[in-house]
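Protein chains in written order, with the numbering used here: chain A, 1 to 322; chain B, 1 to 328; chain C, 1 to 322.
Check before you lean on any hint, since a few could be wrong.
Stated by the list, open to error - Straight-line C-alpha distance at most 27 Å; calculated DSSO-like pairs for lysine-lysine:
hint	chain 1	residue 1	chain 2	residue 2
1	B	K320	A	K88
2	B	K304	B	K234
3	B	K320	B	K153
4	B	K320	A	K248
For the record, the hints were derived by calculation from the structure and aren't laboratory data.
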Amino acid sequence: MPDSVRRALAAYRREVSVAVALLALLGLLALRAPAFFRAQNLRDLLVGNAPVLIAAIGMTLVILARQIDISIGSQFAICGVAAGLLAKAGVPMPLVGLGAVLAGGALGAVNGALVAALGLPAIVVTLAMMVLLRECLRWATEGAWVEGLPAAFQWFGLGQAPGRLAIVVIALLTFAAFAWGLGRVAAGRAVYATGSDPEAAWLAGIRPRRVVFTTFVFMGGLVGLAALLTSIQFIDVQTGAGVGLELKVIAAVVVGGTSITGGRGRLVGTLLGVALLGALGPALAFLGTEAHWERALQGLVILLAVTTDTLRSAGPFRHAAS
Amino acid sequence: MSAPRRLLCLLVLAGLATSCHRGAGKGDGMTVAMMPKNKGNPYFVSCHQGAEKAAAELGVKLLWDGPTETDAAKQNEVVEAWITRGVDVIAVSVENKEAMSTVLRKARQRGIKVVTWDADAEGDARDFFVNQATPEGIAGALLEHTARILGGKGSFAIITASLTAANQNEWIKQIRLQLAAKYPDLKLVDIRPSDDDRKRAFDETQTLLKVHPEVKVVMAIASPAVPGAAEAVKQSGRTDVKVTGLGLPNASRPYLKDGVLDSVVLWNTMDLGYLTIHVANAVGRQSLKPGQPTFTAGRLGALKVAGDNVLLGTPFTFTKENVDNFDF
Amino acid sequence: MPLPRLERLRGRLTHEGVLALALAIEIACFAALGSNFVSAGNAVEIVRASGEVGLLSLAQTAVILTGGIDLSMGSLLGLSAVLMGAAWHDLGLPMAVAVLVAPAVGLAGGALNAVLVSRLGLPPLIVTLGTYSLFRGIAEGITAGVRTYTGFPRSFLFIGQGHLPGGVPFQLPLLLVAALSFWLLVHRTPVGRGLRAIGFSPEGARYAGIPVARRLASVYMLSGLMAGVAGAVYAARLGQAKADAGTGFELLAITAVVLGGTSIFGGRGSIHGTLLGLLALALLHNGLRLADLPAELAGIMTGVLLIAAIGANRLLSERSRP
Chain A
1 MPDSVRRALA
11 AYRREVSVAV
21 ALLALLGLLA
31 LRAPAFFRAQ
41 NLRDLLVGNA
51 PVLIAAIGMT
61 LVILARQIDI
71 SIGSQFAICG
81 VAAGLLAKAG
91 VPMPLVGLGA
101 VLAGGALGAV
111 NGALVAALGL
121 PAIVVTLAMM
131 VLLRECLRWA
141 TEGAWVEGLP
151 AAFQWFGLGQ
161 APGRLAIVVI
171 ALLTFAAFAW
181 GLGRVAAGRA
191 VYATGSDPEA
201 AWLAGIRPRR
211 VVFTTFVFMG
221 GLVGLAALLT
231 SIQFIDVQTG
241 AGVGLELKVI
251 AAVVVGGTSI
261 TGGRGRLVGT
271 LLGVALLGAL
281 GPALAFLGTE
291 AHWERALQGL
301 VILLAVTTDT
311 LRSAGPFRHA
321 AS
Chain B
1 MSAPRRLLCL
11 LVLAGLATSC
21 HRGAGKGDGM
31 TVAMMPKNKG
41 NPYFVSCHQG
51 AEKAAAELGV
61 KLLWDGPTET
71 DAAKQNEVVE
81 AWITRGVDVI
91 AVSVENKEAM
101 STVLRKARQR
111 GIKVVTWDAD
121 AEGDARDFFV
131 NQATPEGIAG
141 ALLEHTARIL
151 GGKGSFAIIT
161 ASLTAANQNE
171 WIKQIRLQLA
181 AKYPDLKLVD
191 IRPSDDDRKR
201 AFDETQTLLK
211 VHPEVKVVMA
221 IASPAVPGAA
231 EAVKQSGRTD
241 VKVTGLGLPN
251 ASRPYLKDGV
261 LDSVVLWNTM
271 DLGYLTIHVA
281 NAVGRQSLKP
291 GQPTFTAGRL
301 GALKVAGDNV
311 LLGTPFTFTK
321 ENVDNFDF
Chain C
1 MPLPRLERLR
11 GRLTHEGVLA
21 LALAIEIACF
31 AALGSNFVSA
41 GNAVEIVRAS
51 GEVGLLSLAQ
61 TAVILTGGID
71 LSMGSLLGLS
81 AVLMGAAWHD
91 LGLPMAVAVL
101 VAPAVGLAGG
111 ALNAVLVSRL
121 GLPPLIVTLG
131 TYSLFRGIAE
141 GITAGVRTYT
151 GFPRSFLFIG
161 QGHLPGGVPF
171 QLPLLLVAAL
181 SFWLLVHRTP
191 VGRGLRAIGF
201 SPEGARYAGI
211 PVARRLASVY
221 MLSGLMAGVA
231 GAVYAARLGQ
241 AKADAGTGFE
251 LLAITAVVLG
261 GTSIFGGRGS
271 IHGTLLGLLA
281 LALLHNGLRL
291 ADLPAELAGI
301 MTGVLLIAAI
311 GANRLLSERS
321 RP
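One chain only, chain A, in its complex shape (with noise of 0.2 Å):
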């Protein structure tokens, strides 16, 4: 093998790990079920996990910022919500579509505060909001759905092909933003600084909490734009919306190869953690699996991707703590 890209493989060994399990699962659905190879499924599946890609994005960049925000689940059914009222009262969806994402930079805005400017640990500040944003809409609305809603909101009213067209092409384009942005704009590596050595980071001129007060913004935002996404592929929004979206998404991330402890990890590998842990459930069901096995199959995989992880990476031992 070539010097060249055995370097490249050494740099991506996270990613490429990833990868492999990929192809292990399409390669066995291939054996067993081809059927899930079919255009409809791979193109369902693509509409199906954008929002969840896009939410995805955010926790990247709030983890690399060596931080947490367990409240997304939360701020997503908020931002439904948000997005559902503002069509029932007749605004123009483009509008909808920026008062759910503002919605949601709004919610991201006070974690930030609470972590970046009070200096409060954000597991346990997201903890917190997850209660609270989620006992607040309950109570406010009593899990009644938005319904009613003009035919203008499913789909962004452009009809079935071409909304699913345009959430895959929203979220591929969102991806590539921030791909290329944390690469190479000076505040995406802003963010990697901050999360392996905030004060080499400060040192250096960077201002780590103006950081990661950001991430947790554009999490937010993010969320929102996924909560928008999610909702317009439906006629009417549901409030009890989201739930367990933090677990699914904070797997998919970690699985994908970024560290939990920060400043380490790709956009890649995010897209990556996503697909497989996205066409797990499918492909089980494909492959003939009941129901009830599903969730210990996913805790299954979780374990497995993180523990070859380590296993394949040689280094003296580290106990990292959370």
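Let chain A serve as the given structure and place chains B and C on it in line with the hints.
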């Protein structure tokens, strides 16, 4: 003693002193404490609306509380709190029979009357059960519709709530029994969970249609699952597949009108709440005794009583034709 | 002039002291608002309802002191309860033997966490996120979600529903014994000091001669053991063992621990703080119910209380962690 400690003692004493003046306050009207399985579900919200109307009619003080997510342990704790607080009647939609029956018996021992509604506890744990429809009746109605759509022969699949949901599991059990006994040519291919999430129901139905193309009826037996499954069938373009199930009229209306959703089995949830308060009031005043043949509940008129069950009626089917008459 | 007084006040006030004060205020408010809040019957019920979460909180304190976290406790509680039920009902073991299955399963689950965290050096957050799904998934798989184990013998139900002479619920002596044991372990033994040292600096602890890997392993196994015991108590209290038992309990445990002043980063905290935090949570939920206030409010106030607690902790502590 340090200042903070002194303050602490003072506050605790103040608390104890004020608590002596508060008894288990009973007003003129009866206090009925009513609990759904979970407060955030539109199904239970509509039951609440009916209950409020009845409470207003009868001059009953209605306490409405319960877990915000289905949780058998929390239901227990709420009932314990009501026993401590002191109420006249407790009316519960029981998430879990065994878990709740113990605490309900305790309430009865303390002189509190107990009524169950929507989902029952053990027989000796309550005075009356307000039954909207038996699991056998519900399963029967669902299978009747499925058989009709399939023409008596074919494959169907079920989208349920969560895999551990007690009501749904009871219905599925009945469905299996009736399939074996009455519908030998119908085949239940798979059961997938929706975890009460519409998007999940949508995703599971989408996958189901591809993994089992022979399925021609999707039976969605949880209220968020009905619109989720219907939307998935609609978006797949599979006009040969129809959806039936158990859900709420408002969320089902667009799909009923459109033809994807064939029928929705339910009962009038507002009437259920209304009837529950009437029964609770009557039980509290001891004017309703087991064994009497009928019970008159306000605007509902005379309803049948079977032993210690007050029956709302048989399951009702919402269709394209009648769904506009309802709003919940 | 104000500065020295502030310093003296700060010296006097510990997080636990402030929490005790807040508790007193809580008691006073609820006594005024609610009916029969201060009564023997209510006290019994509060202890009973907090039994399982209490056991979990004690173990979680030890885990968090080392700078780790255990998100899999609730799922392990469910799995232990289900396997205990299966041992009794399906395998026909006598109840006295079957009851030992619960802590045994807990220990085994804890061992899995322990191996992954201490031997492989994986981040506890991710490991326990994976086992959170795995344990619950196994419970769901075995029962197919449908199977519920009930009809336990009266002698077993005594653990969760019984009264000792004087009206004392069985949970009280159980909790007291557990609390005392943990308190002695954490505050009076070198092992406990070692845990704190590990949380403060794992490398430093290693150089100081503390067997870090062994300590970590034991703390996660202890956590699993407590989850198993809690599983038995839960099944006895409710009279049934189902796959969804204990859902969300780990978050309640973490809330109690953080309310009690233990730092989520590790190195600082106390068992008595956790007990106060547990009490504060239990009184909050109970008091709001007795005051006829809606359940959503309990969740909202828990979130607010959590943020207030870490905010206060931040103000009171001199140390700043990046």
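Checking one constraint from the list: CA of B:K320 to CA of A:K248, max 27 Å. Satisfied? 38 Å, violated
Proposed proximity, B:K153 with B:K320 (alpha carbon, max 27 Å): 24 Å, holds
Does the structure keep B:K304 and B:K234 at a Cα separation of 27 Å or less? 41 Å, violated
Has the given pair, B:K320 with A:K88, been kept, meaning a C-alpha gap of at most 27 Å? Holds, because 24 Å separates the two Cα atoms, which is no more than 27 Å.
Of the numbered hints listed earlier, those contradicted by the structure are 2, 4.
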